[in-house]
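Protein chains: 2
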Amino acid sequence: MPLAVLEEARAELTDWRGSGMSVMEVSHRGKPFVAVAEAAEADLRELLGVPASYHVLFMHGGATAQFAAIPLNLAGPDATAAYVNTGAWSKKALGEARGFVKVDVLADEADSRYTTVPRADALRAPAGSAYLHYTPNETIGGVEFPYIPDPGPVPLVADMSSTILSRPVPVERFGLIYAGAQKNIGPAGLAVVIVRKELLRGARPGTPTVLDYALQGQDRSMLNTPPTFAWYMAGLVFRWLKEQGGLPAMAARNEAKAHLLYGAIDASGFYANPVARECRSWMNVPFTLKEPELEPTFLTQARAAGLVNLEGHRSVGGMRASLYNAMPLEGVEALVGFMREFERRHG
Amino acid sequence: MPLAVLEEARAELTDWRGSGMSVMEVSHRGKPFVAVAEAAEADLRELLGVPASYHVLFMHGGATAQFAAIPLNLAGPDATAAYVNTGAWSKKALGEARGFVKVDVLADEADSRYTTVPRADALRAPAGSAYLHYTPNETIGGVEFPYIPDPGPVPLVADMSSTILSRPVPVERFGLIYAGAQKNIGPAGLAVVIVRKELLRGARPGTPTVLDYALQGQDRSMLNTPPTFAWYMAGLVFRWLKEQGGLPAMAARNEAKAHLLYGAIDASGFYANPVARECRSWMNVPFTLKEPELEPTFLTQARAAGLVNLEGHRSVGGMRASLYNAMPLEGVEALVGFMREFERRHG
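Sequence lines, in order, name chains A and B.
Each residue of the first sequence is one higher than the one before, counting from 1 in my numbering.
Each residue of the second sequence is one higher than the one before, counting from 1 in my numbering.
Worth double-checking, as some hints may not be accurate.
Which copy is meant is left open, because identical chains are indistinguishable; a pair holds if it fits in one copy or across any two.
What the hints assert, rightly or not - Listed below are the simulated EDC-like cross-link pairs for lysine to aspartate or glutamate, each with C-alpha atoms no more than 20 Å apart in a straight line:
#1 Lys92 / Glu291
#2 Lys102 / Glu25
#3 Lys290 / Glu46
#4 Lys31 / Asp219
#5 Lys197 / Asp219
#6 Lys197 / Glu293
#7 Lys91 / Asp219
#8 Lys92 / Asp219
#9 Lys242 / Asp104
#10 Lys31 / Glu311
#11 Lys197 / Asp111
#12 Lys197 / Glu243
#13 Lys92 / Glu243
#14 Lys102 / Glu278
#15 Lys92 / Asp108
Keep in mind that the hints were calculated from the coordinates and are not lab data.
All of these numbers come straight from a predicted model, not from anything done at the bench.
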């Protein structure tokens, strides 16, 4: 989270806008909170350029609940949906979907150990598919699509949990975009769903009401008490993003951050990143040391230098730097400086 | 929320335990957050005396998601479940359940306009029922069960969203207790589920993984990123409750608060509460004025005196005072003082 946003939240945590209460305590149906909710939606629509023909939903839970909600809302029980497997999150999404729909895996990058994405022409979904699902950015492998798939007449569905708001995105090319909040939006426990209204022809029977997009759209995401604090925090983040210059400015900043770190890795001979250059992630940069036995030393010394959260995911090991929107360029400069110094001493 | 808890959260909002980060930013799988999560569970178990044979789950969303999760986890698709209708929340629970199970309404208090609860002997669930569901406290009607139903061999399921932690409760008499957090636990977006493990024989096919109690129990509610900030806040509330003397102390305090307010209403001739005396809620006290046209004046003057959130629910109108755990006795004294003064001037 941007420090400026946390400081703003702290300043009014016990007395929100002179109400004498915390924003956590006010009614979600009262005018003050409804104004917060509406402003957050309006700012997100403005940032991403979301057409009026799309709902913007603020839902409970993370992306995992949406892995089920997507087939429940967009596919009948006998339908087939196309999925692309480019790593851990793709795999979770399609694994959950198998409980609700026939899953057709159009491409699976296991052979490259998830260091590549499929060629664009491999992603033509069969005409009868309910939708084509992909994961534009994989946080663990650090692999990112450098293009937007064109599935023809089939709606394109994207799990943007780890990449939303990092750059502009042409929303109109997607049927549905969803994102758990905890990377670039706000606190965990909130998911944003942006869905083309005409795709919602009624969720199938057996869909929990809270996961029904059409009903949530009708009720402006207030079918039940929403995660009000997370929604409020998301609103502060959206306003902060606008103050930073919006998504074009974030894209420039994120590209510079990624360029700096990959450049340092590639120039070193001591550090390595396994991902094919054209699909390296701007958000998550995994890297290894030439001498893996130095990794604990690297992590300990980095921590002592104030550089935290550099452990690779427990499933793959190594190191990983996450460069989400809230990470300033100075943070990456500090990391690169530390890496050079570490290489000088141990390389 | 107790002010002391909000102040504690504010003090460490940008730098949690010297981490240089907010608790919203740390990994839910890291040792520091896992310690928070485990302490919260341990404190809740201690406060309520939850036997080891029960899971205590911290789940995304509010009670509404559980309205679906309960039949999905405790009943087959052809099963029947018994419900009791004592007001708005009961009705929502059984309405959602109808999407998943045959609903047998054992008692319906519509005839009294939800100012009563059924007699205990009306609540014997038929032997084949998957469970008996009831709502111990109805927030809108302000009606509360003065007894715990005895459904015989059938598991008892209770929506304690608005009454949990207000007094001791014999958990072992329940198969499942659930509660949305936003009344007596913490911020919205978290639900606590306390369920006897032996009742979980696998959720039915078509259950979203995040709603599967057995899987969530196995993963200590970390199947996916949980609502970490809400969980942390709940932990602070549990510790505060222990410092207050635990649930016996809260019961004494809550009874005194309710006694004071109902006493003032009954003594007045100017104010009235419609609920049968033996089942008046400790938590939610709806009341009307003898002259309903004075209600807007009452609310405006109350607000000017710092007494807020006194509007009755939009579905019933009138006034309502909610006396959740965080409301101190002094708050009720101030309300009663204002009510006497208002009656003196307008009565």
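Now for the hints, and whether the structure bears them out:
Taking the closest pair of Cα atoms, Lys92 and Glu291 never come within 20 Å of each other, the shortest separation being 32 Å inside a single copy and 60 Å across copies. In this assembly of identical chains, Lys102 and Glu25 lie within 20 Å of each other by CA distance neither inside one copy nor across copies; the values are 43 Å within and 36 Å between. In this homomeric assembly, Lys290 and Glu46 never come within 20 Å of each other (Cα to Cα): the closest approach is 45 Å inside a single copy and 50 Å across copies. Proximity of Lys31 to Asp219 under the C-alpha cut-off of 20 Å is restricted to the intra-copy arrangement: shortest distance 15 Å within a copy versus 39 Å between copies.
For a Cα distance limit of 20 Å, the shortest separation of Lys197 from Asp219 inside one copy, 14 Å, qualifies, whereas the shortest one across copies, 35 Å, does not. In the homo-oligomer, the alpha carbons of Lys197 and Glu293 never lie at most 20 Å apart, since the shortest distance is 53 Å inside one protomer and 43 Å across protomers. With identical chains, the CA atoms of Lys91 and Asp219 are at most 20 Å apart between copies only, with a shortest distance of 19 Å across copies and 32 Å within one. Proximity of Lys92 and Asp219 under a CA criterion of 20 Å is satisfied inter-copy only: 16 Å between copies versus 29 Å inside one chain copy.
Proximity of Lys242 to Asp104 under the C-alpha cut-off of 20 Å is found in neither arrangement, the shortest distances being 39 Å within a copy and 53 Å between copies. In this homomeric assembly, Lys31 and Glu311 come within 20 Å of each other (Cα to Cα) only across copies, at 13 Å, whereas the closest approach inside a single copy is 44 Å. Taking identical chains as interchangeable, the C-alpha atoms of Lys197 and Asp111 are never at most 20 Å apart, the minima being 37 Å within one chain and 41 Å between chains. For a Cα distance limit of 20 Å, the shortest separation of Lys197 from Glu243 qualifies neither inside one copy, at 30 Å, nor across copies, at 50 Å.
Taking the shortest alpha-carbon separations for Lys92 and Glu243, neither the intra-copy value of 35 Å nor the inter-copy value of 42 Å comes in at or below 20 Å. For the homomeric pair Lys102 and Glu278, neither the shortest alpha-carbon distance inside one copy (31 Å) nor that between copies (55 Å) is at most 20 Å. Taking the shortest Cα distances, Lys92 and Asp108 sit within 20 Å of each other inside one copy (13 Å), while across copies they are farther apart (43 Å).
Of the numbered hints listed earlier, those contradicted by the structure are 1, 2, 3, 6, 9, 11, 12, 13 and 14.
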